[in-house]
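Novice: Below are the chains, spelled out letter by letter.
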Amino acid sequence: MSEQGGASARHETGVLIDEPILVCTGVTKNYGGIQALRGVDLEIRAGEVHGLVGPNGAGKSTLMKVVAGAVTPSSGTIHLAGEVVEFHDPRDATARGIALVPQELTTLPEMTIAENITLGAEPVRWGLYQRAQAQARAERALAVVGITLDPDMPVQRLKPHFQRLVMIATAFDRDAELVILDEPTAGLPPDEAATVLDAVERLRASGVAVVYVSHHLSEVARICDRVTCVREGRGGGVLERAQVTKDALIDLIHDATGGPEKRPTDDTLARRTSAGARAGGPGHDAHAAVLRHVSSADLTDVSVSIRATGVTGIAGLLGSGAKDLAGLLAGAVDRTDGAVLLNGVEVTSLTPTVALAHGVSYLAGDRSRSALRTSTISENVSISSLRAWSRGGFIRSRYETREVRSILERLGVRASGTRRIGELSGGNQQRALVGRCLASDASLVILDEPTIGVDVAAREDLWSLVRDIAESRAVVVASSEPEELVALCQQVICVANGRIVDVIERSRLSVANITSAIA
Amino acid sequence: MMTEALAKPTNDQEPSDASAGGVRSTAVGVTGHERLTRSLDFVSRWAVVGGFVLLVLYFAIRTPDTFLTPDTLRTVLDQAAVPLILVVGLTIVLAVGEFDLAYTSVVGFSGAVVIVLMSREGWPVPMAVAAALAGGAIAGLAIGLVVSRTSASSFIVTLAVGSVLTGVELSISDNTTIYQNVPESFRVLTRNEILTVRWPVWAAALTLVVAWLAMHRTRFGRHVYAVGQNRTASFLAGVPVRRLVVIAFVVMSVLSVLAALILTSRSASYYPNASQGLLLNTYAAAFLGAAASRRARFSVLGSALGVLWIVTLQVGLTLMNESTALVNLIQGAVLAAAVLLAARGKRA
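Line by line, the protein sequences give chains A and B.
In terms of UniProt numbering, the first sequence opens at residue 1 and continues consecutively.
In terms of UniProt numbering, the second sequence opens at residue 1 and continues consecutively.
Zero decoy hints are in this set.
Footprint (simulated), chain B over chain A, 3 or more residues, beta carbon under 8 Å: (1) 344 to 356; (2) 366 to 379; (3) 392 to 401.
Listing some non-contacts, in silico: residues in chain A with all C-beta distances to chain B over 10 Å: (4) G76; (5) G146; (6) E483.
These are computed hints drawn from the structure, not numbers from a lab.
Ideal Cβ placement from N, Cα and C applies to all residues, glycine included.
Please model the entire structure based on the sequences and the hints provided.
Specialist: Set out below in C-alpha cells:
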C-alpha cells in the first residue's frame with residue numbers, strides 16, 4: 001500500500017484492479033431550496049477501499065444515497081462499469097451489485113442469522129423455504145467477513161458489531177461488487193471496531209470494492225486505499241494511497257482548498273468570538289451543573305462541571321458518548337451510576353420534566369426526537385415554556401404570540417407562528433426548535449447539534465444569539481462540527497470511548513486540537 | 001429574560017391559515033408534498049361538512065312532515081347527550097395517542113353499580129352515584145397506570161380491562177334487568193328541563209365547553225396534543241408524558257360513569273349489555289371529527305360535529321323506518337370513510 005507513485009501511476013500501467021467501476025460526475029441534489037450536493041465527482045475503482053470523509057452535513061450521506069438508488073440526483077451522471085445508469089429505487093442499485101449498509105443496525109432481531117442474510121432473496125423450491133441452502137449461503141458469507149457463527153442463532157443474541165458483520169455479509173450474499181459502509185464502527189470500542197475493519201479487508205481481498213464513510217480518521221488512514229473528501233456539497237479533494245495519513249485527512253477535511261499554511265483560520269474564529277469569549281466572568285465559580293462519577297450506556301465514570309455562564313462545548317465522534325453526556329444533564333439519558341447536581345442541588349430521579357423544573361432545557365440532536373411535525377411553529381416553540389406563559393393552567397395566548405414572534409424574529413425565521421413546523425425547510429425548523437430552548441427561562445440550556453441542517457449565513461446568526469444567551473446563563477453545545485465549537489465555546493469537553501479525554505480551554509481551542517483529541 | 005435579550009418584532013405577520021385549508025402558494029419553503037397535504041385537508045374537511053348538509057337535505061325531502069321539526073331537533077339533542085359525553089373523553093384519549101376499548105364496559109359496570117346499590121342495597125342516591133364515580137375513576141387509573149408504566153398496548157390493555165369490568169357488571173347484577181325500587185329522585189335527574197332542554201343535554205354541553213377550554217386554551221391540552229404527536233420529543237421537551245396518559249384514561253372513565261348515570265336514570269332501570277352499541281358510534285364520531293378538523297386532529301368540537309352527524313343519521317333512518325341492519329351497515333361505512341379521511345393527518 002505504501003508503494004511510491006500513488007494510484008494514478010498504477011492506473012496508467014493498466015493494472016486491471018484499478019479500473020474505475022463507479023464514476024459520479026457533477027452530481028447535484030436539491031431539496032426544496034437547499035442544495036445538498038453542488039456538483040460532486042467521485043471515482044471508485046474495482047477492488048479498492050475508498051474512504052469518504054467530510055464534516056457533518058457536507059453531503060456524504062446524500063451522495064451515498066444517490067449511489068445506492070435511494071435518492072434521485074437533480075443532475076449529474078453515474079457510470080457503472082462504463083455505462084450510464086439511472087437508479088429509480090434501491091432495488092435498481094441492488095440489481096446492479098451495489099449494496100448500502102446503513103449506519104443503523106437494520107437486522108431483524110428475532111430472526112436467525114441465516115434468515116437475515118437471505119432476507120428478500122430466500123432460497124425457495126416449490127414455494128418452500130430451503131433451510132439448508134440458506135444456512136450454507138449464510139456460512140459462506142460469514143466466512144468472507146471472517147467470523148464463524150451458528151446460522152440458526154437469532155440475531156438478537158449477537159453483540160452490535162457482530163450484527164454489523166451480518167449486515168455486511170448480507171451485502172456479500174447478494175453478490176455486491178460495491179459495498180457502501182456508512183459509519184460501520186460508530187459507537188464500537190476499539191477491539192470490536194478492529195473486527196469490523198478486518199472484515200472490510202477480507203471483503204477487499206475477495207475482490208469487492210468498498211466505500212468507507214467514517215469520521216474515525218485513524219481507521220480511514222489505516223484501511224483506505226484512496227480517500228475523497230466532501231465539503232459543503234462539493235468534492236473537496238482526493239488523497240491517493242501514499243498520502244492517506246491521519247494528519248493529511250485532518251487537513252483535507254478542515255481545509256480542502258490548500259496546504260497547512262492556510263490553516264490558522266482558528267485565530268480568525270477566535271477573534272470573532274472574543275465578545276462572548278471572556279473566559280470565566282462573574283459566575284466563574286458557580287456551576288450550573290455538576291456530574292460526579294456518572295456512567296450511562298455509552299459513558300463510564302465521568303465527572304464534569306458546567307459553568308453558570310458561557311458556552312461549554314462537547315465534542316466527540318458518533319458513539320463516543322458525547323451525545324450521552326449532553327443528554328445526561330437533561331435527564332434524557334438514563335444514568336446507571338453517579339450523581340447529578342443542578343444549580344448545586346442533587347437530583348436523584350432526573351427526567352426531562354424534572355430537569356425543566358430545575359431550569360434545564362434540552363434540544364435533542366435529531367429532529368425526529370425534537371420536532372412536533374404537525375404542530376404549529378408557535379406550539380413547537382412554546383412547549384417547554386408553557387408553565388411560565390400560563391396563568392392557572394390557561395395559556396396567556398397574546399403573551400405567547402408576542403414571545404414566539406419576537407423569538408422567531410430574532411432567529412430570522414420569517415414565517416408566521418401559525419404555520420405547521422413541518423412546512424418549513426430543515427434549517428428553519430431547526431432554528432425554531434432552538435428558539436424553544438431559548439424561550440424557556442432555563443438557567444442551563446443544552447443544545448445537541450443546534451445548527452444541524454442550518455445554512456452557513458443563518459448559522460452565524462444562531463451562534464451570535466447563543467453567545468448573547470450565554471452572557472447570563474449556562475449553555476452546553478454538543479456538536480460534531482469542531483468549527484462550531486471553536487466559534488462558540490469557552491471550553492470544550494472532548495469525549496472518546498465513553499470517557500472525557502481532554503478539556504480544551506479557550507486559549508488552546510482550535511479545530512485541529514479538537515479533531516485530534518476525539519479521533 | 002428572553003424579552004430583554006430579543007429584539008422587538010418590526011413587522012407584523014398575519015396568520016396564514018385563517019381560512020379553512022387556505023393555500024398560500026407564496027409561502028417560503030412550502031414543498032409540493034405540503035401542498036398536497038393541504039389540498040387533502042381542504043377536501044376532507046368539506047366532505048364531512050358537506051356530507052352533513054346532504055344528509056339533512058335528504059331526510060328533509062324523504063320525510064318532509066317529521067324531520068325538520070323542533071321535536072326531531074330535541075330528539076337528536078337528547079340522543080346525542082350520552083355519545084357527546086363519551087366522545088369528549090375519547091377525544092382526549094385519542095389525542096394523547098392511545099386507544100380505549102373499555103369505556104363502554106365502564107358504562108355498563110357503573111350503571112350496574114349505581115342501580116344495584118340503590119334498588120337492592122337501599123343506598124341513598126348521592127352515595128350510590130359517588131360509589132359509581134369512584135369505581136370508574138379507579139378503573140381509569142388502573143388502565144392509565146398500566147398503559148403509561150409498561151410498554152403494553154392500550155388497545156389490548158383496555159380490551160382486557162373491559163372484559164373484566166363486564167364480568168364484574170354481570171356478576172353484581174346477576175345478568176338480569178333491574179327496574180324495581182329505583183328512587184324517583186334519581187329518575188327525575190334526566191327529566192328536569194331548563195329552557196325546554198333536558199338536563200343531560202346541558203350536562204353534555206357543559207362537558208363540551210370545559211373540555212374545549214381544557215384542550216385548546218390550557219397547558220394541559222397543549223401537552224396532550226404534543227404527546228399524541230411525538231411522545232419522545234414531548235418527553236425530551238419536559239412534558240410529563242406518563243401523567244398525561246393517566247389523566248386521559250381517568251377522565252375517559254369518569255365521563256363514562258356520567259354517561260351511565262344518564263342512561264340508567266333515563267330508563268329508570270339497568271339492563272345487561274346495554275352500552276355495547278356506543279363503541280362504534282363514538283369512534284365514528286371522533287374520526288369524523290378528525291376528518292373535519294384542520295391538520296386532521298382529534299378535536300372536541302370536531303367530535304361533537306361527528307356525534308351530531310351520526311345521531312342525525314340514526315334518527316333520520318329511524319324516522320324512515322329503516323331496519324337496524326341498514327343502520328349498522330351505514331354507520332360502519334361512515335366510520336371506515338372517516339378513518340380514511342382522518343388518516344391524512346399521518347402524512348405530514
